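Note that the numbering used here has the sequence shown beginning at 409, numbered continuously upward.
Since the hints were made in silico from the structure, they are not lab data.
Note that the coordinates shown come from a computational prediction; the quantities given were computed from them, not determined experimentally.
Careful, some of the hints might be misleading.
[Said to hold, decoys possible] Below, computed lysine-lysine pairings styled on DSS-like, alpha-carbon distance capped at 25 Å:
1. Lys611 / Lys523
2. Lys469 / Lys554
3. Lys494 / Lys469
4. Lys514 / Lys624
5. Lys523 / Lys624
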Amino acid sequence: PHVRSEAPFTGRANLFAETSGVLILDTESIDRFNGVDEAITVATLPPMRAVVSGEMIATVKVIPYGLPGASAAAAVTALQGVAALKIAPFRPLRVAVISTLLPGLKTSVIDKTLKIMAERLEPSLSRVSADIRIPHAPGALAAELKRVSAQNHDLIVIFGASAITDRRDVIPLALVQAGGVVAHLGMPVDPGNLLMIGELGGKPVIGAPGCARSPKENGFDWVLQRLLADVPV
409 PHVRSEAPFT GRANLFAETS GVLILDTESI DRFNGVDEAI TVATLPPMRA
459 VVSGEMIATV KVIPYGLPGA SAAAAVTALQ GVAALKIAPF RPLRVAVIST
509 LLPGLKTSVI DKTLKIMAER LEPSLSRVSA DIRIPHAPGA LAAELKRVSA
559 QNHDLIVIFG ASAITDRRDV IPLALVQAGG VVAHLGMPVD PGNLLMIGEL
609 GGKPVIGAPG CARSPKENGF DWVLQRLLAD VPV
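Construct all of the structure, not just a fragment, from the sequences and the given hints.
Set out below in structure tokens:
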């Protein structure tokens with residue numbers, strides 16, 4: 409799905425994304441295809457990679473000038489009934505951004521964070537649908553989460569004035585107090601390990617790590633991209 413093949417040339421056929429989204433691979437079938445005969449190969453971008461429409465995502469190539477027809481047939485059989493690779497399309501979501509405040513946190517930092525967040529959402533045609541700034545306290549955040557979750561937003565992202573340290577900290581505690589669930593706290597990625605993912609009223613909630621304030625790619629991007637493409641994290 410959402411993949412097109414270019415006409416073969418020089419023994420290869422390149423595959424391209426027909427839409428922007430996340431590349432989903434069935435790695436077992438890819439390995440099975442590559443294991444049929446050393447003369448037949450498929451090379452792909454890494455699984456779960458965000459791609460844009462028109463980007464080359466894979467190439468299928470016959471290495472020598474020719475090969476036995478039985479090998480070609482076996483390679484085709486290895487992929488029958490399997491979507492070896494596909495694109496999970498991005499969806500244009502409305503993203504509510506909540507920033508918590510502490511003395512010493514400059515307004516310019518939050519403004520820059522919102523700008524970078526908007527840029528991260530551009531490939532999916534998503535947008536920041538709310539810019540909310542409240543004190544860094546469980547009660548204030550819980551009340552705001554209840555209010556925002558009842559509104560017309562698809563995803564909630566929280567940028568804390570202080571990094572999340574454990575499940576008793578302000579952001580996860582507020583999510584639970586609001587009636588939500590902390591699905592996971594922490595991620596084995598650096599930068600980006602201080603990330604929280606949860607749910608409230610059927611909507612995903614991300615407690616963003618500090619590195620999400622930077623435009624450089626980090627673990628936050630990978631979680632955000634999957635949610636924008638409706639791929640389970």
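Can the restraint linking lysine 469 and lysine 554 be considered satisfied, given a maximum Cα separation of 25 Å?
This hinted pair is violated, its Cα atoms lying about 53 Å apart.
Is the Cα-Cα distance between lysine 494 and lysine 469 25 Å or less?
Given that 25 Å is the threshold and the Cα spacing comes to 19 Å, the pair holds.
Compare the distance between the alpha carbons of lysine 523 and lysine 624 with 25 Å, and conclude whether the hinted pair is satisfied.
The hint holds at about 13 Å.
Run the distance test for lysine 514 versus lysine 624: straight-line Cα separation, threshold 25 Å.
Answer holds: lysine 514 to lysine 624 is near 21 Å, not above 25 Å.
Is lysine 611 within 25 Å of lysine 523, Cα to Cα?
holds, 23 Å
Of the numbered hints listed earlier, the single one contradicted by the structure is hint 2.
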